[in-house]
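Asker: Given next are the chains, with one letter for each unit.
Protein chains: 2
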Amino acid sequence: MTRVVALAGGVGGAKVAFGLDRALAAMGGAAGLTVIVNTADDLELHGLHVSPDLDTVMYTLAGLADRERGWGLTAETWQALRMLERYGAETWFKLGDRDLATHVRRTARLAEGVPLSVVTAELASALGVDTTLLPMSDDRVRTRLRTEAGWLDFQDWFVRRRQVDRVTEISIEGVEASRPAPGVRKAIAAAALVVVCPSNPLVSVAPILAVPGIREALLEAPAPVVAVSPIVAGRALRGPADRMLGWLGLEVSAAGVAQLYVERYPRLLDGFAIDRQDEATAGRIEALGLRVLVADAVMDSDETRIALARAVLEWGLSLPRRA
Amino acid sequence: MTRVVALAGGVGGAKVAFGLDRALAAMGGAAGLTVIVNTADDLELHGLHVSPDLDTVMYTLAGLADRERGWGLTAETWQALRMLERYGAETWFKLGDRDLATHVRRTARLAEGVPLSVVTAELASALGVDTTLLPMSDDRVRTRLRTEAGWLDFQDWFVRRRQVDRVTEISIEGVEASRPAPGVRKAIAAAALVVVCPSNPLVSVAPILAVPGIREALLEAPAPVVAVSPIVAGRALRGPADRMLGWLGLEVSAAGVAQLYVERYPRLLDGFAIDRQDEATAGRIEALGLRVLVADAVMDSDETRIALARAVLEWGLSLPRRA
Numbered sequence: 223m224t225r226v227v228a229l230a231g232g233v234g235g236a237k238v239a240f241g242l243d244r245a246l247a248a249m250g251g252a253a254g255l256t257v258i259v260n261t262a263d264d265l266e267l268h269g270l271h272v273s274p275d276l277d278t279v280m281y282t283l284a285g286l287a288d289r290e291r292g293w294g295l296t297a298e299t300w301q302a303l304r305m306l307e308r309y310g311a312e313t314w315f316k317l318g319d320r321d322l323a324t325h326v327r328r329t330a331r332l333a334e335g336v337p338l339s340v341v342t343a344e345l346a347s348a349l350g351v352d353t354t355l356l357p358m359s360d361d362r363v364r365t366r367l368r369t370e371a372g373w374l375d376f377q378d379w380f381v382r383r384r385q386v387d388r389v390t391e392i393s394i395e396g397v398e399a400s401r402p403a404p405g406v407r408k409a410i411a412a413a414a415l416v417v418v419c420p421s422n423p424l425v426s427v428a429p430i431l432a433v434p435g436i437r438e439a440l441l442e443a444p445a446p447v448v449a450v451s452p453i454v455a456g457r458a459l460r461g462p463a464d465r466m467l468g469w470l471g472l473e474v475s476a477a478g479v480a481q482l483y484v485e486r487y488p489r490l491l492d493g494f495a496i497d498r499q500d501e502a503t504a505g506r507i508e509a510l511g512l513r514v515l516v517a518d519a520v521m522d523s524d525e526t527r528i529a530l531a532r533a534v535l536e537w538g539l540s541l542p543r544r545a
Numbered sequence: 223m224t225r226v227v228a229l230a231g232g233v234g235g236a237k238v239a240f241g242l243d244r245a246l247a248a249m250g251g252a253a254g255l256t257v258i259v260n261t262a263d264d265l266e267l268h269g270l271h272v273s274p275d276l277d278t279v280m281y282t283l284a285g286l287a288d289r290e291r292g293w294g295l296t297a298e299t300w301q302a303l304r305m306l307e308r309y310g311a312e313t314w315f316k317l318g319d320r321d322l323a324t325h326v327r328r329t330a331r332l333a334e335g336v337p338l339s340v341v342t343a344e345l346a347s348a349l350g351v352d353t354t355l356l357p358m359s360d361d362r363v364r365t366r367l368r369t370e371a372g373w374l375d376f377q378d379w380f381v382r383r384r385q386v387d388r389v390t391e392i393s394i395e396g397v398e399a400s401r402p403a404p405g406v407r408k409a410i411a412a413a414a415l416v417v418v419c420p421s422n423p424l425v426s427v428a429p430i431l432a433v434p435g436i437r438e439a440l441l442e443a444p445a446p447v448v449a450v451s452p453i454v455a456g457r458a459l460r461g462p463a464d465r466m467l468g469w470l471g472l473e474v475s476a477a478g479v480a481q482l483y484v485e486r487y488p489r490l491l492d493g494f495a496i497d498r499q500d501e502a503t504a505g506r507i508e509a510l511g512l513r514v515l516v517a518d519a520v521m522d523s524d525e526t527r528i529a530l531a532r533a534v535l536e537w538g539l540s541l542p543r544r545a
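Protein chains in written order, with this note's numbering: chain A, 223 to 545; chain B, 223 to 545.
Just chain A, with the same shape it has in the complex:
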């Protein structure tokens, strides 16, 4: 079994996790994949604990993610949401009826004292997901964004206000006191390869790396660590990563993200995967001390997801470990 760890946020992370899951299964039978997922954009909604990134990864791996909508479950209905609206509840976060069951069940189990990591394993197992899904932490961590409209909760900014407010500062509240979820450090130590998914480096990957102990575990791990660029041809594959980088005065390019990782997390990465459209910048990234994979990084189908994952696996597993 080839043990691989992926660090993932929402949709971009889910796509690569899906590709890795299927590629590993095809390579060696049982998939040895562990996905460590950002929970800093979790939220409480109608008293329910919603974990958008965990759910996106879980639904995607279970083959239940809605492709057209780009989020949530397939064959979803909206009866409860319409009633909640009638009751005067805020409904800017669209909870489908099937999705609602996930949050109801998660919240009930958490209220019984079961840690998020255990609840996550229960939910994923019930949906037939073999891959190990781990929240980055069982502790409460929340991303807050400073904008012209003041400090906003992440989902408030992301969903309710549709990312229109210019972000000038990012705070990952509670992260200093958080601990890695059980299994996180062990999975990293046992991995043959660690893949940082093409998720938003500032609000999806950064919280994971900010949990005390996770970055240290990655630095001590014997496995090479590679990242896949979330920026292709100067634009985010999905979401507001490109605008966010720009607002914060960072370079909006694959090379810019590589530089961000190298500067903020010295010695963390061994390699960086970019799309063919950015091939010309490979030399700049290599000059940062990283090996570079040039591949098709735009994942618009199961096949392209698996092909990218396979390319990253073959390349990453053969990389020498940083000195």
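None of these hints come from the bench; they were simulated from the model. Note that the coordinates shown come from a computational prediction; the quantities given were computed from them, not determined experimentally. Treat the hints with caution; some may be incorrect.
[What the hints assert, rightly or not] Pairwise CB distance ranges, derived in the manner of DEER restraints:
1) B:GLU344 x A:ALA333: 20 to 28 Å
2) B:PRO337 x A:ARG382: 22 to 30 Å
3) A:LYS316 x B:ARG291: 39 to 47 Å
4) A:ALA412 x B:ARG384: 26 to 34 Å
5) A:ARG460 x B:PRO337: 26 to 34 Å
6) B:ALA333 x A:ALA371: 53 to 61 Å
[Said to hold, decoys possible] Coverage of chain B stretches by chain A, computed from C-beta distances (three or more under 8 Å per stretch; other residues unrestricted):
7) 299 to 311
8) 322 to 329
9) 338 to 350
10) 473 to 482
Just so you know, even glycine gets a beta-carbon here, dropped at the ideal spot from N, CA and C.
Knowing the structure of chain A, use the given hints to seat chain B on it.
Answerer: Same frame as chain A, but now just chain B:
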């Protein structure tokens, strides 16, 4: 405005409340109806606060109750329930998607510290219900049933075990320490008539009358108090009241219920309404000191509900108050 108070459990209570609501609206414009509802068969399900009787009355008054099924909301779907089942949750209590929104909203508001009576008013108002809906108490009260299988929670016995276990004792836990919900005593004091709905006298009406202060308020009220028999021709109009009466050695008849009320709650009732099928027993009930109304008490349509309510109103409002 004719002020009327109804004491109600679930379906039987909801039907009479519906009839009273519509009959009063037709009589005098604005309906002066207050329905005081049993909450001793509330339950916590998936961490959600479910109030079956309150919801049945609310949905019925809002014209949203499902008639064929006999419980829950019309145009209901079951997507969330199927997912909850997939997650291994217990699904013996059938929560529809629209209904689920009610419980999610109620639970969220309660968690914010809003009392059940206020939440109930919010929900009912949102559904366009003009009638004042009051839980009997904002405090936690729970009916427990002693059976051959041991002590069971009411809904566990009623729904999950389908009322197969012979009930030998009824305990209304927490009721001694409970207080009437705000508005309950005032509504009773201001009423021109109090109607005890044809709900189960042992597990729907008894908990309301056991809340310290409610029975006293009824005894002190200037208004006549009348009950509608839940037993017609020796059978319960709906639910297990007939079997339950029998198990406890009580007479399963309209006159038996009248006697039960007179013995357990001396001086409470002034009148008792029975179905035409039980007309022969009117003399026995009068001998208990009660005035008797003989009417069509089987409510199988909106028209029959309103007709019964109108008959009860005309008769009840003209009754002399007990000495």
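Asker: Evaluate each hint against the coordinates.
Answerer: Hint by hint, here is what the structure shows:
{"no.": "1", "hint": "B:GLU344 x A:ALA333: 20 to 28 Å", "result": "23 Å, holds"}
{"no.": "2", "hint": "B:PRO337 x A:ARG382: 22 to 30 Å", "result": "29 Å, holds"}
{"no.": "3", "hint": "A:LYS316 x B:ARG291: 39 to 47 Å", "result": "28 Å, violated"}
{"no.": "4", "hint": "A:ALA412 x B:ARG384: 26 to 34 Å", "result": "50 Å, violated"}
{"no.": "5", "hint": "A:ARG460 x B:PRO337: 26 to 34 Å", "result": "44 Å, violated"}
{"no.": "6", "hint": "B:ALA333 x A:ALA371: 53 to 61 Å", "result": "27 Å, violated"}
{"no.": "7", "hint": "299 to 311", "result": "holds (count 11)"}
{"no.": "8", "hint": "322 to 329", "result": "holds (count 6)"}
{"no.": "9", "hint": "338 to 350", "result": "holds (count 4)"}
{"no.": "10", "hint": "473 to 482", "result": "violated (count 0)"}
Figure legend: structure checked against the earlier numbered hints; hints not met, in rising order: 3, 4, 5, 6, 10.
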